[in-house]
Amino acid sequence: MTTPKPRTAADRVALARNPLRPSVTDYIDHLFTGFFELCGDRRQAEDASILGGLAFYKGTPVTVIGHRKGKTLEENLRMNFGMSSPEGYRKAQRLMRQAEKFKRPIITFIDTPGAYPGIEAEARGQGEAIASCLALMSRLTVPTIAVVTGEGGSGGALALGVADRIFMLENAVFSVLSPEGFATILWKDASRSQEAAEIMRLTAQDLLTLGVIDGIIHEPPNGAHEEPASVYLALDAVLTRELSVLCAQSGDALRKSRYKKLRAIGNRKEAL
Amino acid sequence: MNPFAQKKIFLEALQALRLKKKPKETATKTDASVCPSCKESFSKNALEKSLFVCPDCGHHFSISAQTRLDMLLDAKSVRFLNRRLQGGNPLNFPSYEAKLAALRSETGIYEAVVTAVGKIGGVKVVVCVLDSRFLMGSMGTAVGEKITRAVEYATHARLPIIIFSASGGARMQEGILSLFQMAKTAAALERHADAGLLYISFLTHPTTGGVTASFASLGDVILAEPRALIGFAGPRVIEQTIRQTLPDGFQRSEYLLEHGFVDAIIPRGEMREAISRLLALHGRTTA
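Those sequence lines, one after another, are chains W and G.
Just so you know, we're using my numbering here: the first sequence kicks off at 408 and counts up by one.
Just so you know, we're using my numbering here: the second sequence kicks off at 38 and counts up by one.
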């Protein structure tokens, strides 16, 4: 057996985008029971790129929300390849408020290239929709756990990521913009995306070091799709452990420590 | 130019606007500026008198944070907050520190936002002004931190906050840490809102990306300067994605007003008065 070459950040970007990776529907099937999907933002439309609903996690009712890209071309088109419109973020807000009303913990699964850049999305307030998600998540009085399972692209990913605990799969990435977008903005050359990926510090290990996330879920050697069962098992253990800690805290305490945590990001000596 | 002399010109110009009088013409032909919209050229002096609004076509020139504060606040009322606060280079991005140092000496400010306490018509407020000369007014850790501290100060001191946005969004050079400044600033504003305090978001050209998708969209009242570009995705990105030319006026202030995302479009000459009125409307009743 030869020792595998160390994985580069660009390799992880490719793995994070692998269509065979487990998606939010797989996680729901394997970690939760009795899933009941809830649709629509009650204002404009249903956005299939964000899946939301209720389920039991080990007997406790929870709200599950996650991006989905779809597995067939037909699904990809219906789900806009995981690029959400304002309706998707507003549906997420509706389900979060509802979770708070019924005191249910919220678990989010993040996997999106970013919010959809389109005329209708702008006309209906893409910026406002994401901003309101951030504001709402920062103030929720129920436990929230976010798991970046694939691509954590920009504001569209952060909209589901302002949580008490943030975990990333080992080969997931989370970044200010896609490496292609980053290379376009800074070097006016999208073909330098691999170079961008190396410099952006977007891997799970980078984010752990930067103090942005709380932990890493390990994957099999060739990625989560190789043996998804091991990933479900690892994630299950983390969810059980963290929920038991978070559910013991009052709503006010949750809010306060979430703010304290956000407040600390970027304030380490390497940044400020 | 002497800042006091400039401030005097602004105050006279505002006075003249109120009285619907034409300001005195003392234009010198030295250092002329060309209006990017109608291509007419004006002396710097004439532009100052018109608050950097094109006297011919009404185009609002981009202005520095300091100029904005001079136009907005009562004379001698300003006190800066965290003026020297700076960020680091978390990605070790090549030549980022040198770029920041060059911008600091060029603009005279330490980062892309200036935060201050001051008075408008005698009412104490906290003001943040993004400066588009500084890396497109982009938000990295220092900008996020300065805005958050200003909001926290306002919450603690029970003051209204006004944020003037002019930004390309989250700052690429600081990566994921820039992205999380969106959440941090939004969270601080939620606490300010919970305290029952007023937040006026004033959108100026251009306001895009992660700034639109965080604090800029969260005002109790959202105002915009005429014809400012305001959106989440930049027009070029949208054109590349949908492969269509964008309609005229798309993502401009007037478009946002029509679609329900801003309360009013306020030309620069009316800015101080409009904000004054809003502050009065949020003051304690004096019955």
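Honestly, the hints are just simulated from the structure, not real lab data.
Bear in mind the structure is a predicted one, so any value in this text is a computation, not a measurement.
Incorrect hints may appear among the rest.
[Stated by the list, open to error] Covered by chain G, per the in silico footprint, the following chain W stretches (three or more residues, Cβ under 8 Å):
#: 1; segment: 446-454
#: 2; segment: 473-481
[To be verified] Straight-line distance between alpha carbons at most 25 Å, and here's what the computed DMTMM-like set of lysine to aspartate or glutamate pairs gives:
#: 3; chain 1: G; residue 1: LYS76; chain 2: G; residue 2: ASP111
#: 4; chain 1: W; residue 1: LYS667; chain 2: G; residue 2: GLU227
#: 5; chain 1: W; residue 1: LYS667; chain 2: G; residue 2: GLU189
#: 6; chain 1: G; residue 1: LYS156; chain 2: G; residue 2: ASP93
#: 7; chain 1: W; residue 1: LYS667; chain 2: G; residue 2: ASP111
#: 8; chain 1: G; residue 1: LYS136; chain 2: W; residue 2: GLU605
#: 9; chain 1: G; residue 1: LYS136; chain 2: W; residue 2: GLU602
#: 10; chain 1: W; residue 1: LYS508; chain 2: G; residue 2: ASP111
#: 11; chain 1: W; residue 1: LYS663; chain 2: W; residue 2: ASP418
#: 12; chain 1: W; residue 1: LYS663; chain 2: G; residue 2: GLU134
#: 13; chain 1: W; residue 1: LYS595; chain 2: G; residue 2: GLU134
#: 14; chain 1: G; residue 1: LYS113; chain 2: G; residue 2: GLU134
#: 15; chain 1: G; residue 1: LYS136; chain 2: W; residue 2: GLU507
#: 16; chain 1: W; residue 1: LYS510; chain 2: G; residue 2: GLU134
#: 17; chain 1: W; residue 1: LYS663; chain 2: G; residue 2: ASP111
#: 18; chain 1: G; residue 1: LYS136; chain 2: W; residue 2: GLU587
#: 19; chain 1: W; residue 1: LYS510; chain 2: G; residue 2: ASP231
#: 20; chain 1: W; residue 1: LYS668; chain 2: G; residue 2: GLU189
#: 21; chain 1: W; residue 1: LYS508; chain 2: G; residue 2: GLU134
#: 22; chain 1: G; residue 1: LYS161; chain 2: G; residue 2: ASP93
#: 23; chain 1: G; residue 1: LYS161; chain 2: G; residue 2: ASP111
#: 24; chain 1: W; residue 1: LYS663; chain 2: G; residue 2: ASP93
#: 25; chain 1: G; residue 1: LYS44; chain 2: G; residue 2: GLU85
#: 26; chain 1: W; residue 1: LYS668; chain 2: G; residue 2: ASP231
[Said to hold, decoys possible] To list a few chain W residues with every Cβ distance to chain G over 12 Å, as calculated:
#: 27; residue: ASN425
#: 28; residue: THR432
#: 29; residue: ILE435
#: 30; residue: GLY460
#: 31; residue: GLY466
#: 32; residue: LYS508
#: 33; residue: GLN533
#: 34; residue: SER561
#: 35; residue: PRO627
#: 36; residue: HIS632
#: 37; residue: ARG665
#: 38; residue: LYS668
#: 39; residue: ASN674
Quick reminder that beta carbons are idealized off the backbone N, C-alpha and C, glycines included.
Outcome of the hint check:
1. For the segment 446-454 of chain W, the assignment as covered by chain G is violated, since 0 residues bring a beta-carbon within under 8 Å of that chain's beta-carbons and 3 are needed.
2. As drawn, the segment 473-481 of chain W meets chain G at 0 residues by the rule of a beta-carbon pair under 8 Å; below three, the given contact is violated.
3. At roughly 33 Å between alpha-carbon atoms, LYS76 of chain G and ASP111 of chain G are farther apart than 25 Å, so this suggested pair is violated.
4. Only pairs whose Cα atoms come within 25 Å are accepted, and LYS667 of chain W paired with GLU227 of chain G is accepted, the gap being roughly 14 Å.
5. A hinted pair counts as satisfied when its Cα atoms are at most 25 Å apart, and LYS667 of chain W with GLU189 of chain G qualifies at roughly 13 Å.
6. Between the alpha carbons of LYS156 of chain G and ASP93 of chain G the distance comes to roughly 32 Å, so the proposed pair goes past 25 Å and is violated.
7. For a cut-off of 25 Å, the pair hint linking LYS667 of chain W to ASP111 of chain G is broken: about 35 Å separates their Cα positions.
8. Distance check on the hinted pair: LYS136 of chain G and GLU605 of chain W sit about 21 Å apart at the alpha-carbon level, within 25 Å; holds.
9. Of the pairs offered as hints, the one joining LYS136 of chain G and GLU602 of chain W holds, with about 20 Å between alpha carbons and a cut-off of 25 Å not exceeded.
10. For the suggested pair LYS508 of chain W and ASP111 of chain G, the alpha carbons sit about 46 Å apart, so the restraint of at most 25 Å is broken.
11. With a C-alpha separation of about 38 Å, the suggested pair LYS663 of chain W and ASP418 of chain W falls outside the 25 Å cut-off, and the hint is violated.
12. A distance of roughly 34 Å separates the Cα atoms of LYS663 of chain W and GLU134 of chain G; the hinted pair therefore is violated under the 25 Å criterion.
13. For the hint pairing LYS595 of chain W with GLU134 of chain G, the CA-to-CA distance comes to about 20 Å; that is within 25 Å, so the pair holds.
14. Annotation: proposed proximity of LYS113 of chain G to GLU134 of chain G is violated, straight-line Cα distance about 33 Å (limit 25 Å).
15. Taking the CA atoms of LYS136 of chain G and GLU507 of chain W, the gap is near 46 Å; set against the 25 Å cutoff, the hint is violated.
16. Using a Cα cut-off of 25 Å, the hinted pair LYS510 of chain W and GLU134 of chain G is violated, with the two alpha carbons roughly 47 Å apart.
17. For the given pair, LYS663 of chain W sits about 37 Å from ASP111 of chain G by alpha-carbon distance, which is inconsistent with the 25 Å threshold.
18. Of the supplied pair hints, the one linking LYS136 of chain G and GLU587 of chain W holds, its CA atoms being roughly 23 Å apart against a limit of 25 Å.
19. Of the pairs offered as hints, the one joining LYS510 of chain W and ASP231 of chain G holds, with about 21 Å between alpha carbons and a cut-off of 25 Å not exceeded.
20. Taken as a hint, the LYS668 of chain W and GLU189 of chain G pair is honoured in the structure, with Cα atoms around 15 Å apart against an allowance of 25 Å.
21. Of the pairs offered as hints, the one joining LYS508 of chain W and GLU134 of chain G is violated, with about 47 Å between alpha carbons and a cut-off of 25 Å exceeded.
22. This hinted pair does not check out: LYS161 of chain G and ASP93 of chain G have alpha carbons roughly 35 Å apart, beyond 25 Å.
23. Simply put, LYS161 of chain G and ASP111 of chain G have alpha-carbon atoms about 10 Å apart, close enough for the 25 Å limit, and the pair holds.
24. Taking the CA atoms of LYS663 of chain W and ASP93 of chain G, the gap is near 53 Å; set against the 25 Å cutoff, the hint is violated.
25. Proposed proximity of LYS44 of chain G and GLU85 of chain G is supported: the alpha carbons are some 10 Å apart, at most 25 Å.
26. Taken as a hint, the LYS668 of chain W and ASP231 of chain G pair is honoured in the structure, with Cα atoms around 19 Å apart against an allowance of 25 Å.
27. For ASN425 of chain W, the non-interface assignment is confirmed: its Cβ lies about 21 Å from the closest Cβ of chain G, beyond the 12 Å cut-off.
28. The claim that THR432 of chain W lies off the interface holds: its Cβ sits roughly 26 Å from the closest Cβ of chain G, which is beyond the 12 Å cut-off.
29. Once the 12 Å rule is applied to beta carbons, ILE435 of chain W is consistent with being away from chain G; the minimum gap is 25 Å.
30. For GLY460 of chain W, the condition that its CB be more than 12 Å from all CB atoms of chain G holds, with the nearest at approximately 24 Å.
31. Once the 12 Å rule is applied to beta carbons, GLY466 of chain W is consistent with being away from chain G; the minimum gap is 32 Å.
32. The claim that LYS508 of chain W lies off the interface holds: its Cβ sits roughly 18 Å from the closest Cβ of chain G, which is beyond the 12 Å cut-off.
33. Interface exclusion of GLN533 of chain W from chain G breaks down, the closest Cβ pair being 4 Å apart, not more than 12 Å.
34. For SER561 of chain W, the condition that its CB be more than 12 Å from all CB atoms of chain G is violated, with the nearest at approximately 7 Å.
35. Residue placement check: PRO627 of chain W keeps its beta carbon more than 12 Å from all beta carbons of chain G (closest about 25 Å).
36. Distance check for HIS632 of chain W against chain G: the nearest CB is about 25 Å away, which clears 12 Å, and the non-interface claim stands.
37. Distance check for ARG665 of chain W against chain G: the nearest CB is about 8 Å away, which does not clear 12 Å, and the non-interface claim fails.
38. Under the 12 Å C-beta cut-off, the non-interface status given to LYS668 of chain W relative to chain G is violated; the minimum distance is some 10 Å.
39. Under the 12 Å C-beta cut-off, the non-interface status given to ASN674 of chain W relative to chain G is violated; the minimum distance is some 7 Å.
In this structure, the hints that do not hold are numbers 1, 2, 3, 6, 7, 10, 11, 12, 14, 15, 16, 17, 21, 22, 24, 33, 34, 37, 38, 39, in rising order.
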